[in-house]
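Trainee: Sequence:
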Amino acid sequence: MGELEKIYQTLYSYYGDLRWWPADTPFEVMVGAVLTQNTTWNNVEKTLKQFDGNISPERILDLSIEEVQEIIRPTGFYRQKSQYLKAVTEWFLSYDCDIDLIKKRPLLDIRFELLQVRGIGNETADSILLYAFEFPTFVVDAYTMRLFRRFPINAGKTYMEVKNYCEEELPQDTELYNHFHALIVHNGKEHCKKKMDCTGCPLEVFCKKILS
DNA sequence: GTCCCGGGCC
DNA sequence: GGCCCAGGAC
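Here numbering that gives the first Met the number 0 is used: the first sequence runs in plain steps of one and ends on residue 211.
None of these hints come from the bench; they were simulated from the model. Just so you know, even glycine gets a beta-carbon here, dropped at the ideal spot from N, CA and C. There may be inaccurate statements among the hints.
[Stated by the list, open to error] Label pairs and their computed distance ranges (CB to CB):
1. 199 / 96: 41 to 49 Å
2. 57 / 99: 17 to 25 Å
3. 196 / 103: 40 to 48 Å
4. 111 / 148: 24 to 32 Å
Start from the sequences, fold in the hints, and give me the full structure.
Mentor: See the structure below:
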């Protein structure tokens, strides 16, 4: 077993199944992925409640930019995010909001298309691909980068380097990537914070104890 | 590199 | 009130 798999097994046996992504529909995952950019999930939840259980492509397109801004204000960056939500909804509509149609297309094609949408960068694209469409694509985020900087492995410096490293080291498995990312984020909030708190961290034995 | 922004915690 | 936290566009 490789180092990465050992790390996964350790986190999984410690925290268990975290059941990401908390959303009712794939479209809600897309909306949440945009809203959580540079924002804690706690704030996103406030906003999702503001939608009163009606988060549909039609609703997003019907609302004016100002109305969307008012609803999503608690997530911050609401001026840009209101535009991003419209843009990603338009993209979804280009597939008639047909999840099965999207799932049948090659992963890299959909990824490329998402990256052309205003407001969708690497992390948001991979989050949508993995958690909304269940493509086996590894999601990297600030927690992942921080954790790997402190690890006795060299996963790379850039987003794509780290992503490719993980996908080469691990089986191409949607469930595995789903759980792994959730576990990394959870452990990042609990222990592997900017200011490290290694006491009680399940990964302590693996980790280089150096300040990043 | 700088700008966009709010909420939580102290 | 000050500081920390969280991606993408340009």
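Trainee: Each hint should be assessed against the structure and marked as holding or not.
Mentor: Hints versus structure:
1. The hinted range of 41 to 49 Å is satisfied by residue 199 and residue 96, whose Cβ atoms lie roughly 45 Å apart.
2. Between residue 57 and residue 99, the C-beta spacing of about 19 Å keeps the proposed range 17 to 25 Å intact.
3. Residue 196 and residue 103 have their C-beta atoms about 45 Å apart, which keeps the hinted 40 to 48 Å range intact.
4. For residue 111 and residue 148, the hinted distance range of 24 to 32 Å is satisfied, since their beta carbons lie about 28 Å from each other.
Hint violations for this structure: none, all hints satisfied.
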